[in-house]
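Spelled out from the first residue to the last, the chains are:
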Amino acid sequence: MSTDQNILVKLNDAGLQLNNKWLVKGVSLQVEKGKIVTLIGPNGSGKSTTAKIALGIYKKIDGSVEKYTHKVGYVPQKISIDWTLPLRVNDFMVLTESLNKETIDEALSLTGVIHLKDKNLGDLSGGEFQRVLLARAISKKPELLVLDEPVQGVDFTGEIALYELIKKISDELSCGILLISHDLHTVMTATDHVVCLNGHVCCSGSPMDVAKNNEYKALFGEQASQILSRYEHKHDHVHTDEGEIKKN
Amino acid sequence: MFDDFFIRALVAGVGVAFVTGPLGCFVIWRRLSYFGDTLAHSALLGVTLAFTMEFNIALSVFVISSLIALILIQLQKKTNLPGDALLGLLAHSSLAVGLVVIGFLTFIRFDIMGLLFGDILAVSVDDLLIIWIGGAFILLTLKFIWKPLFASTVNYELAEAEGLNPDRAKAIFTILMAAIIAISIKMVGLLLITGMLIIPAAMARNLSSSPQSMVIYSIIGGLLSVIIGLFTSLEFNTSSGPSIITAALLLFILSLFKIKQSIKLKN
Chain S
1 MSTDQNILVK LNDAGLQLNN KWLVKGVSLQ VEKGKIVTLI GPNGSGKSTT
51 AKIALGIYKK IDGSVEKYTH KVGYVPQKIS IDWTLPLRVN DFMVLTESLN
101 KETIDEALSL TGVIHLKDKN LGDLSGGEFQ RVLLARAISK KPELLVLDEP
151 VQGVDFTGEI ALYELIKKIS DELSCGILLI SHDLHTVMTA TDHVVCLNGH
201 VCCSGSPMDV AKNNEYKALF GEQASQILSR YEHKHDHVHT DEGEIKKN
Chain G
1 MFDDFFIRAL VAGVGVAFVT GPLGCFVIWR RLSYFGDTLA HSALLGVTLA
51 FTMEFNIALS VFVISSLIAL ILIQLQKKTN LPGDALLGLL AHSSLAVGLV
101 VIGFLTFIRF DIMGLLFGDI LAVSVDDLLI IWIGGAFILL TLKFIWKPLF
151 ASTVNYELAE AEGLNPDRAK AIFTILMAAI IAISIKMVGL LLITGMLIIP
201 AAMARNLSSS PQSMVIYSII GGLLSVIIGL FTSLEFNTSS GPSIITAALL
251 LFILSLFKIK QSIKLKN
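These protein sequence lines map, in sequence, to chains S and G. Counting from 1, one number per residue, gives the positions in the first sequence under my numbering. Counting from 1, one number per residue, gives the positions in the second sequence under my numbering.
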């Protein structure tokens, strides 16, 4: 662990309860400058919720979250733009912060969508939109980037290029990244720290540590430790609404 | 120059249109048209209060509308009724209570038609001051909260995550809504204020490709509606509110031709 001043955001035993159901419980993690922390886990395991807790979107949480930066870039998992709102890519880029033309163009070029600058957001394909979302988040040169499945719907070669870009941004801007992804092949090779969620933290550590972890093997199957990039997600328990663990 | 009632009405209408243009865009974007209606209906209660207490009408409408907005927020927290039911409940009950109170005030002669549909004869020099100073204040405030308000209109969580404080912007916007209703009630009448907010903005959507251009077209649409509407009102002796809204509707219909063309081009 590095010194405290490198910490950008820290979750202490954080959790969120909605209508008496625990969405996620007892999560402790921290994101430091220049490091990539990846959240993995099955659908509904609380990955997005954890990211939103880290971002301070939820007000009534269990535990605590300490945020040491205001320069945040966020790529949400889902965003829908109503037809009534005419919004071009260019307008979307300056949504939360005013930027000059060069900065906008640079970010759009990096994610390969500069040619779409004057297009309406509603006319973009899923993958194109995802690239615009990523460009917007990195354009303001944030200290903390939170990326919730940033490459969903992006074509295969684009996916690899974008993950390389994310890694490059993390190094160049020395910004901390909290990444949510299902695509473990690429993620495991680039990430510094992995947190596996299933309503709570199953296990965490460096990708290698996690892969060697017996609990991880038990959870994810033997293959997972043999080939990091190809593992199957097998959880041996489910969570009841009261937050208790029930073995399958 | 302001001696002529028609000039006064024109200057007042132009002032109102400058403010309803941008606010109307947000009403459409944030799906607030029924919310605007509810505030406008409650304005009648504000008017009766102004008459009984011998208070300024715009100020008293502003206070009552803001109060109704607060009650609405509380009701949303306390009950499980859906939003539109709560809006209907508040809109019609405040209108009803306003009318009942008017019934009791037999010693004051009310021009109900003027209140409901606007009356250009009723615009005084004081009203002009309220409209232009109040309007300038509303526009400046809107400019100030534009970024957080617009960002949270696109995506609340994005705005919140990136530190823009969207809740504060929303609260301020609610107050601005009460304010625009207060200053435009004499001109358009309380039943049609929401039309003045929505119709020019809807027309603008058909013509524009960016939020800024939609705001500008919405202002232009509002100005044209006011000018055409007021001349019609003068010529045919019709109420000012319905005349303005009818003009706005005609402009909206014209704008549909533009959108048909662009859809054709796409295909």
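Since the hints were made in silico from the structure, they are not lab data. Glycine included, C-beta positions come from ideal geometry on N, C-alpha and C. Treat each hint with caution, since some may be false.
[As the list claims (entries may be wrong)] BS3-like, lysine-lysine: derived pairs with alpha carbons at most 27 Å apart: (1) S:Lys-119 <-> G:Lys-78; (2) G:Lys-258 <-> S:Lys-59; (3) S:Lys-59 <-> G:Lys-147; (4) S:Lys-21 <-> S:Lys-167; (5) G:Lys-147 <-> S:Lys-21; (6) S:Lys-168 <-> S:Lys-35; (7) G:Lys-170 <-> S:Lys-60; (8) G:Lys-77 <-> G:Lys-170; (9) S:Lys-25 <-> S:Lys-67; (10) S:Lys-101 <-> S:Lys-67; (11) S:Lys-101 <-> G:Lys-78; (12) S:Lys-140 <-> S:Lys-67; (13) S:Lys-119 <-> S:Lys-10; (14) G:Lys-147 <-> S:Lys-101; (15) S:Lys-78 <-> S:Lys-117; (16) G:Lys-258 <-> S:Lys-101; (17) G:Lys-143 <-> S:Lys-117; (18) S:Lys-119 <-> S:Lys-101; (19) S:Lys-141 <-> G:Lys-147; (20) S:Lys-71 <-> G:Lys-78; (21) S:Lys-35 <-> S:Lys-117; (22) G:Lys-77 <-> S:Lys-119.
[Said to hold, decoys possible] Here are some, though not all, of the chain S residues that point toward chain G, as calculated from beta-carbon distances under 10 Å: (23) Leu-55; (24) Lys-60; (25) Gly-63; (26) Lys-71; (27) Val-72; (28) Leu-87; (29) Glu-106; (30) Leu-110; (31) Ile-114; (32) His-115; (33) Lys-117; (34) Asp-118.
Each hint tested on the structure:
1. Using a Cα cut-off of 27 Å, the hinted pair Lys-119 (chain S) and Lys-78 (chain G) is violated, with the two alpha carbons roughly 43 Å apart.
2. For a cut-off of 27 Å, the pair hint linking Lys-258 (chain G) to Lys-59 (chain S) is broken: about 45 Å separates their Cα positions.
3. Only pairs whose Cα atoms come within 27 Å are accepted, and Lys-59 (chain S) paired with Lys-147 (chain G) is accepted, the gap being roughly 22 Å.
4. Only pairs whose Cα atoms come within 27 Å are accepted, and Lys-21 (chain S) paired with Lys-167 (chain S) is rejected, the gap being roughly 36 Å.
5. For a cut-off of 27 Å, the pair hint linking Lys-147 (chain G) to Lys-21 (chain S) is broken: about 35 Å separates their Cα positions.
6. Restraint check: the Cα-Cα separation between Lys-168 (chain S) and Lys-35 (chain S) comes to about 11 Å, which is no more than 27 Å; the hinted pair holds.
7. A threshold of 27 Å between alpha carbons decides the hint, and for Lys-170 (chain G) with Lys-60 (chain S) the separation of about 20 Å falls inside it, so the pair holds.
8. Pair hint Lys-77 (chain G) plus Lys-170 (chain G) holds up; C-alpha atoms about 16 Å apart against a cutoff of 27 Å.
9. For the hint pairing Lys-25 (chain S) with Lys-67 (chain S), the CA-to-CA distance comes to about 19 Å; that is within 27 Å, so the pair holds.
10. Between Lys-101 (chain S) and Lys-67 (chain S) the CA atoms are separated by roughly 30 Å; this puts the pair beyond 27 Å, and the hint is violated.
11. About 47 Å separates the Cα atoms of Lys-101 (chain S) and Lys-78 (chain G), which puts this hinted pair outside 27 Å; it is violated.
12. A threshold of 27 Å between alpha carbons decides the hint, and for Lys-140 (chain S) with Lys-67 (chain S) the separation of about 18 Å falls inside it, so the pair holds.
13. For a cut-off of 27 Å, the pair hint linking Lys-119 (chain S) to Lys-10 (chain S) is broken: about 38 Å separates their Cα positions.
14. As the CA atoms of Lys-147 (chain G) and Lys-101 (chain S) are separated by approximately 18 Å, the hinted pair is consistent with the 27 Å bound.
15. For the given pair, Lys-78 (chain S) sits about 21 Å from Lys-117 (chain S) by alpha-carbon distance, which is consistent with the 27 Å threshold.
16. The hinted pair formed by Lys-258 (chain G) and Lys-101 (chain S) fails the criterion: a straight-line CA distance of about 30 Å is larger than 27 Å.
17. As the CA atoms of Lys-143 (chain G) and Lys-117 (chain S) are separated by approximately 25 Å, the hinted pair is consistent with the 27 Å bound.
18. With a C-alpha separation of about 16 Å, the suggested pairing of Lys-119 (chain S) with Lys-101 (chain S) holds against the 27 Å cut-off.
19. A threshold of 27 Å between alpha carbons decides the hint, and for Lys-141 (chain S) with Lys-147 (chain G) the separation of about 19 Å falls inside it, so the pair holds.
20. Under the criterion of a C-alpha separation no larger than 27 Å, the hint pairing Lys-71 (chain S) with Lys-78 (chain G) is inconsistent with the structure, at around 36 Å.
21. Taking the CA atoms of Lys-35 (chain S) and Lys-117 (chain S), the gap is about 30 Å. The hint is violated against a cut of 27 Å.
22. With a C-alpha separation of about 40 Å, the suggested pairing of Lys-77 (chain G) with Lys-119 (chain S) is violated against the 27 Å cut-off.
23. A cut of 10 Å between beta carbons decides the hint on Leu-55 (chain S): the least distance to chain G is about 4 Å, and the hint holds.
24. Annotation: Lys-60 (chain S) was flagged as interfacial toward chain G, and the flag is violated, the nearest CB pair being 13 Å apart, outside 10 Å.
25. Annotation: Gly-63 (chain S) was flagged as interfacial toward chain G, and the flag is violated, the nearest CB pair being 19 Å apart, outside 10 Å.
26. The beta carbon of Lys-71 (chain S) comes within 8 Å of a beta carbon in chain G, closer than 10 Å, and the hint placing it at the interface holds.
27. With a cut of 10 Å, the hint placing Val-72 (chain S) at the interface with chain G holds, because the nearest CB-to-CB distance is about 5 Å.
28. Against a cut-off of 10 Å between C-beta atoms, the interface hint on Leu-87 (chain S) holds, since the closest Cβ of chain G lies about 6 Å away.
29. Given hint, Glu-106 (chain S) at the interface with chain G, is violated; its Cβ is 19 Å from that chain's nearest Cβ, farther than 10 Å.
30. With its C-beta approaching chain G no nearer than about 19 Å, Leu-110 (chain S) sits outside the 10 Å limit, and its interface hint is violated.
31. A distance limit of 10 Å between C-beta atoms decides the matter here; for Ile-114 (chain S) the minimum to chain G is near 18 Å, and the interface restraint is violated.
32. Taking 10 Å as the C-beta contact cut-off toward chain G, the hint placing His-115 (chain S) at the interface is violated, the least distance being around 17 Å.
33. Taking 10 Å as the C-beta cut-off, the interface hint given for Lys-117 (chain S) is violated, the closest approach to chain G being about 12 Å.
34. A hinted interface residue such as Asp-118 (chain S) counts as satisfied when its beta carbon comes closer than 10 Å to some beta carbon of chain G; here the least separation is about 8 Å, so the hint holds.
Hints 1, 2, 4, 5, 10, 11, 13, 16, 20, 21, 22, 24, 25, 29, 30, 31, 32 and 33 from the earlier list are contradicted by this structure; the remaining hints agree with it.
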